[in-house]
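Student: Turn these sequences into a full structure, and let the hints guide you.
Those sequence lines, one after another, are chains A and B. Each residue of the first sequence is one higher than the last, beginning at 298 in the working numbering. Each residue of the second sequence is one higher than the last, beginning at 298 in the working numbering.
Just so you know, these hints were derived from the structure itself, not from any lab. It is possible that part of the hints are untrue.
[To be verified] FRET-style restraints, in silico, Cβ to Cβ:
hint	chain 1	residue 1	chain 2	residue 2	range
1	B	GLN377	A	ALA423	53 to 61 Å
2	B	ASN433	A	ALA423	51 to 59 Å
3	B	ARG556	A	ASP397	55 to 63 Å
4	A	PRO381	B	ALA509	27 to 35 Å
5	A	ARG373	B	ASP369	54 to 62 Å
6	B	ASP353	A	GLN541	38 to 46 Å
7	A	GLN490	B	ASP397	19 to 27 Å
8	B	ALA400	A	ASP549	18 to 26 Å
9	B	LYS320	A	ASP532	37 to 45 Å
10	B	ASP376	A	ASP421	36 to 44 Å
11	B	GLN377	A	THR424	48 to 56 Å
[As the list claims (entries may be wrong)] From the structure, some residues in chain A lie toward chain B, with a derived Cβ separation under 8 Å:
hint	residue
12	LEU476
13	SER480
14	LEU493
15	LEU506
The C-beta atom is built at its ideal place from N, Cα and C for all residues, glycine as well.
2 protein chains.
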Amino acid sequence: MHYSVSLIGSGNVAWHLSQALEKAGHQVREIYSRTPEHAERLAEKLYDAQVVTSLDFSESESTVFLLCISDDAIGRVADQIILPNEDAVICHTSGTQPLDVLAGRSHAGVFYPLQTFTKNRRLDLATVPVCVEASNEPTQQVLVGIAQSISRTVYLVDSQERKMLHVSAVFACNFTNHLLALSKHLLAQEGLQFELLKPLVRETFEKALEVADPAAVQTGPAIREDYQVIHAHLDYLQHTPHWQALYKLITDSIVLLSRRG
Amino acid sequence: MHYSVSLIGSGNVAWHLSQALEKAGHQVREIYSRTPEHAERLAEKLYDAQVVTSLDFSESESTVFLLCISDDAIGRVADQIILPNEDAVICHTSGTQPLDVLAGRSHAGVFYPLQTFTKNRRLDLATVPVCVEASNEPTQQVLVGIAQSISRTVYLVDSQERKMLHVSAVFACNFTNHLLALSKHLLAQEGLQFELLKPLVRETFEKALEVADPAAVQTGPAIREDYQVIHAHLDYLQHTPHWQALYKLITDSIVLLSRRG
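Tutor: Written out as structure tokens, the structure is:
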């Protein structure tokens with residue numbers, strides 16, 4: 298089934314999602330953005346989307362209203378939206394906000410694509426898991442239907458689970474990216490290039506993603522509890538106490554997890 | 298130029314290195330291991346390697362002796378080795394040990410392939426950077442020659458640089474792997490599968506390895522200094538204080554690095 302959709306927001310998520318929706322046969326009717334030029338630029342990429350400058354959608358023919366805006370704006374913006382009728386579905390796309398933030402709407406939902414979006418980077422949404430939550434059964438059907446039309450993997454995830462999913466994603470993605478950045482920073486201090494480490498990083502990740510549990514392929518001094526090497530590394534980091542503390546805490550964490558596992 | 302090589306050790310590094318050396322035309326003459334059955338198993342994979350049970354190589358025809366043993370054993374084992382003559386090259390393959398650990402040998406070196414080795418996992422050594430250090434010019438020529446025969450990327454890295462390289466590799470590989478393991482552990486507490494996060498992890502790493510500096514593609518609440526989300530996550534982790542502390546420290550580290558960069 299195909300739906301008429303309006304987008305509130307014109308950032309990275311709106312950018313990827315709107316094009317995927319049209320590719321799947323849905324119609325994007327309106328785009329609202331607090332920066333109309335961004336909405337214009339996105340509209341140019343779409344078949345027949347109109348840029349609107351008001352959150353009054355009372356005349357809209359859309360049945361689904363997708364909030365693709367920053368987490369802290371969702372509640373405030375959602376309160377201002379005037380939907381065309383009681384049957385209209387309104388949902389946000391945030392990993393951190395509960396369904397409750399749309400409380401008061403009869404058909405509310407969450408449509409959370411679990412991926413990191415960069416505007417000019419191609420991304421096959423079919424491979425991106427979409428996490429869906431809804432305030433009632435008919436809304437869930439609509440959102441699952443849309444999700445399945447653009448992605449091969451759709452999960453029903455409630456607000457509590459989504460919170461843990463988001464914390465876990467911060468560890469697995471944001472924090473790992475930071476460790477790579479930090480590693481590059483440390484190498485640069487010695488005049489060494491990050492290129493040198495890339496094959497090792499690539500192999501590490503391929504291995505971690507192949508196995509059922511990355512803990513099973515943990516290597517390095519911490520898992521061996523090789524305190525001779527660990528202390529040499531800590532000594533080496535003594536002039537950057539923050540990163541020395543980080544080294545120590547992650548080392549402890551590796552030992553801790555291995556004893557629990 | 299092709300060399301005759303003897304291997305001391307029969308673990309993962311010896312396993313991959315010896316086969317790559319033979320593929321490149323060198324001859325592996327002898328394998329020593331404190332566990333002769335392991336040496337036997339490796340010898341079966343090679344053309345004509347003999348298993349030896351003594352570190353007395355005075356009758357050996359090899360010109361290069363490669364120590365592929367654990368870091369803490371290198372000094373002790375190296376001291377016991379009797380080389381056939383003064384011209385023989387002896388080197389270790391460790392990222393953590395200095396060249397000095399072979400002090401007293403006239404042709405000493407380090408031949409450090411920057412990769413994580415797993416015995417039954419295929420690995421194309423051609424893509425693995427090899428870091429070479431030597432006690433003199435002729436030894437360096439031999440080791441660079443061997444390195445170039447098996448890998449496309451050979452670097453001259455001295456002991457001090459190699460130490461930083463190893464610390465950085467711990468951050469970029471061992472620690473990132475741990476964060477993936479921890480993420481899986483946290484998800485499991487909520488009954489969620491790590492599979493859900495894999496596309497996001499994959500995209501994160503592809504992005505980080507494409508750019509010159511992973512710091513440039515840092516995303517998440519820390520880099521946005523979104524303390525509303527950060528505090529929600531810290532609250533969420535309150536029953537696992539160690540991982541709460543880790544969340545906090547990495548978050549601070551992201552902010553710190555962004556202000557330095």
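Student: Determine for every hint whether it applies to the structure shown.
Tutor: Hints versus structure:
{"no.": "1", "hint": "B:GLN377 / A:ALA423: 53 to 61 Å", "verdict": "holds (59 Å)"}
{"no.": "2", "hint": "B:ASN433 / A:ALA423: 51 to 59 Å", "verdict": "holds (58 Å)"}
{"no.": "3", "hint": "B:ARG556 / A:ASP397: 55 to 63 Å", "verdict": "violated (35 Å)"}
{"no.": "4", "hint": "A:PRO381 / B:ALA509: 27 to 35 Å", "verdict": "violated (48 Å)"}
{"no.": "5", "hint": "A:ARG373 / B:ASP369: 54 to 62 Å", "verdict": "holds (60 Å)"}
{"no.": "6", "hint": "B:ASP353 / A:GLN541: 38 to 46 Å", "verdict": "holds (44 Å)"}
{"no.": "7", "hint": "A:GLN490 / B:ASP397: 19 to 27 Å", "verdict": "holds (25 Å)"}
{"no.": "8", "hint": "B:ALA400 / A:ASP549: 18 to 26 Å", "verdict": "violated (34 Å)"}
{"no.": "9", "hint": "B:LYS320 / A:ASP532: 37 to 45 Å", "verdict": "holds (39 Å)"}
{"no.": "10", "hint": "B:ASP376 / A:ASP421: 36 to 44 Å", "verdict": "violated (57 Å)"}
{"no.": "11", "hint": "B:GLN377 / A:THR424: 48 to 56 Å", "verdict": "holds (54 Å)"}
{"no.": "12", "hint": "LEU476", "verdict": "holds (5 Å)"}
{"no.": "13", "hint": "SER480", "verdict": "holds (4 Å)"}
{"no.": "14", "hint": "LEU493", "verdict": "holds (5 Å)"}
{"no.": "15", "hint": "LEU506", "verdict": "holds (6 Å)"}
The earlier numbered hints that this structure contradicts are 3, 4, 8, 10.
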